[in-house]
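Engineer: So you can see what is in the structure, the chains are spelled out below.
Number of protein chains: 2
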Amino acid sequence: MTKKGSLFVVGIGPGEYEAMTLKAVRTLESCEVIVGYTVYVELIERHFPGRRFCTTPMRQETMRCRLAFEEAGLGQRVAVICSGDAGVYGMAGLVLELSREYPNVNVEIVPGVTAAMSGAALLGAPLMHDFAVISLSDLLTPWEKIEKRLRSAADADFVICLYNPASRKRADYLAKACEILLEYKSPDTVCGVVKCVGREGEERRIMRLGRLGAYEADMFTTVFIGSSQTAKIQESEGNGNGWPWMVTPRGYQI
Amino acid sequence: MTKKGSLFVVGIGPGEYEAMTLKAVRTLESCEVIVGYTVYVELIERHFPGRRFCTTPMRQETMRCRLAFEEAGLGQRVAVICSGDAGVYGMAGLVLELSREYPNVNVEIVPGVTAAMSGAALLGAPLMHDFAVISLSDLLTPWEKIEKRLRSAADADFVICLYNPASRKRADYLAKACEILLEYKSPDTVCGVVKCVGREGEERRIMRLGRLGAYEADMFTTVFIGSSQTAKIQESEGNGNGWPWMVTPRGYQI
Numbered sequence: 001m002t003k004k005g006s007l008f009v010v011g012i013g014p015g016e017y018e019a020m021t022l023k024a025v026r027t028l029e030s031c032e033v034i035v036g037y038t039v040y041v042e043l044i045e046r047h048f049p050g051r052r053f054c055t056t057p058m059r060q061e062t063m064r065c066r067l068a069f070e071e072a073g074l075g076q077r078v079a080v081i082c083s084g085d086a087g088v089y090g091m092a093g094l095v096l097e098l099s100r101e102y103p104n105v106n107v108e109i110v111p112g113v114t115a116a117m118s119g120a121a122l123l124g125a126p127l128m129h130d131f132a133v134i135s136l137s138d139l140l141t142p143w144e145k146i147e148k149r150l151r152s153a154a155d156a157d158f159v160i161c162l163y164n165p166a167s168r169k170r171a172d173y174l175a176k177a178c179e180i181l182l183e184y185k186s187p188d189t190v191c192g193v194v195k196c197v198g199r200e201g202e203e204r205r206i207m208r209l210g211r212l213g214a215y216e217a218d219m220f221t222t223v224f225i226g227s228s229q230t231a232k233i234q235e236s237e238g239n240g241n242g243w244p245w246m247v248t249p250r251g252y253q254i
Numbered sequence: 001m002t003k004k005g006s007l008f009v010v011g012i013g014p015g016e017y018e019a020m021t022l023k024a025v026r027t028l029e030s031c032e033v034i035v036g037y038t039v040y041v042e043l044i045e046r047h048f049p050g051r052r053f054c055t056t057p058m059r060q061e062t063m064r065c066r067l068a069f070e071e072a073g074l075g076q077r078v079a080v081i082c083s084g085d086a087g088v089y090g091m092a093g094l095v096l097e098l099s100r101e102y103p104n105v106n107v108e109i110v111p112g113v114t115a116a117m118s119g120a121a122l123l124g125a126p127l128m129h130d131f132a133v134i135s136l137s138d139l140l141t142p143w144e145k146i147e148k149r150l151r152s153a154a155d156a157d158f159v160i161c162l163y164n165p166a167s168r169k170r171a172d173y174l175a176k177a178c179e180i181l182l183e184y185k186s187p188d189t190v191c192g193v194v195k196c197v198g199r200e201g202e203e204r205r206i207m208r209l210g211r212l213g214a215y216e217a218d219m220f221t222t223v224f225i226g227s228s229q230t231a232k233i234q235e236s237e238g239n240g241n242g243w244p245w246m247v248t249p250r251g252y253q254i
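Protein chains in written order, with my numbering: chain A, 1 to 254; chain B, 1 to 254.
Simulated from the structure, these hints should not be mistaken for laboratory data.
Be aware that one or more of the hints could be misleading.
It does not matter which identical chain is used: a pair holds within one copy or between any two.
Below, simulated DSS-like cross-link-like pairs (lysine-lysine); rule was C-alpha separation at most 30 Å, straight line [stated by the list, open to error]: (1) Lys148 x Lys195; (2) Lys176 x Lys145; (3) Lys148 x Lys176; (4) Lys195 x Lys232; (5) Lys195 x Lys4.
Please put together the full structure from these sequences, using the hints given.
Structural biologist: Put into C-alpha cells, the structure is as follows:
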C-alpha cells in the first residue's frame, strides 16, 4: 500500500489566535501545507511560520478542497482551515463528499468555536435555551426554504441565530427576515448583533426586533434574535464593562 | 472603590484537555479558584495544579454560582467551568442573572466547543446546513414546549441536534421524540449518536431514524437527526478509520 497523506479540516474559531483550541493549534503546527480562503489565512499565518500557505478566493470552495486533497495525496499533512467551526457552514462536508475520490488520503475534522458561540459570549448568554441556526445566504439554498425555516423557528419560540445576514448583493435580506419574524414575534423581542468577533473592528449591540431590520449588517455579522423569554440585563452600578447583557434564562430558581 | 474580583464562565469543551481553547486554558491558569460540577472538575484538575477547586453536585447550579461570586467578591479571580460551551445549556445565563446582586464582581464569558460541534466532527459533517438544537430535558421546560419545537424543526427540515436525550428518570424520552419526528420525516433519515466525546468510553454510531428510538442514550449522549438531504457516505476502500460519515451537503457543485 502506498504511503497515505492526511487532510485535516480545522475550525480556527472567530479569528484571534487565543480562540483556537489546543488541538487546532497542534494540528496546524504538524502540517506542511495550510489551505484556506485568503482572509482566514491572513488571520493566522504569522502564528505558523515555515508552513506553506495556499489561498483561494471566495466561491472557489471545490477547487480549494481539491487542491488540498492533491497536496495530501503526495503523502503530506495538509490542513484546510475554516473560520469558526469546520462543520457549521464550513468545509467539512465538501471535503468528506470529495474524499470518495481520494481513497489514499485520511480525513479528520477538528472542530472549533463557531460564531454562534463566540458571538453569544460577547453579548452575554442568548443561547442558553433551544435555538435554531439559519443562514440567510440564498447562493446555495432557495429563499423559500430559508423563509419556511424562519417562520417555523419563530413560531416555536426558538432563539434564532442568523449567519450571513447580508452581503453587497443581499443588502436587504436582514430587513426581509425581520419582517417575517415580526409576524410571529413582538417588536420588543431582545436581539443582539456582533461584528468581527476577536478581530479588528469588533462590535456588539443589543436592540429590539423592531429596530433590527434597519441595522447595517455585513458578511462578518452574526445576528441573535431572542425567544419570548430573552431579556436585556442592565449592568449593575459597578460593572466594569458598563454594558448590558442579552440573556435567555434557562429557568433556574434564583 | 473596593477592589474588584473577576468571575469567568469558561466552556471547557467536550472533556479532553486538547479540545479547550487557548483562552480557556490561560483563563483557568490565571484563576485562584475553579468551581464546577464534580465530573467536570475531575476531567481537568490535573492540568491546573495549585488551584483551589470547589465542586458541587448536579442540580445545585444556583448554589454553585453564588459560591463563585462570593469567592470573587473577596477580590480573587474565579472560574466557573461548564462542559462544552459556557453559553449552550451552561452556566453563563445564570451567572449573568445573578451578577446584578454582586456589583463588585466583573463577569466574562469564555466560549468553548459545544457537543453539537465536537459530536458533529466525530460523525462527519451533519451540521453543514441550518440546524436546530433542542434539549429533551423537561426539568426546567414543559414537555409541550419541547414537543412543539421538535414538530416545527422537523416540519421545516432542519438538521436537529438533541441534548440531554435521556437520563435515568427519562429513559424513554428519545423514543418519544423519535415517534414525533417520524410523523414528519422518513424512517430512512440518516441519524448519528455520539457518547462521551473525547473521554473514556467514546462511541459513535450512524443509523436510520426508524431505529434511533431503540438506541440506549444516556446523559452523556448527543443525538443528530439529519435533514432530508443528509447522507451516509461510505468510507472509501483505503480510508484509515474504516467508518462511514454522516454528511449534510451544503449544495456545492462537485
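Engineer: Run every hint past the structure and note whether it holds.
Structural biologist: Going down the list of hints, with the structure as the test:
1. Lys148 x Lys195: Within. Shortest intra-copy distance 26 Å satisfies the 30 Å Cα cut-off; inter-copy 32 Å does not.
2. Lys176 x Lys145: both (14 Å within a copy, 27 Å between copies)
3. Lys148 x Lys176: Both. Shortest intra-copy (13 Å) and inter-copy (25 Å) distances satisfy the 30 Å Cα cut-off.
4. Lys195 x Lys232: within (19 Å within a copy, 35 Å between copies)
5. Lys195 x Lys4: between (40 Å within a copy, 29 Å between copies)
Every hint from the earlier list agrees with this structure, and none is contradicted.
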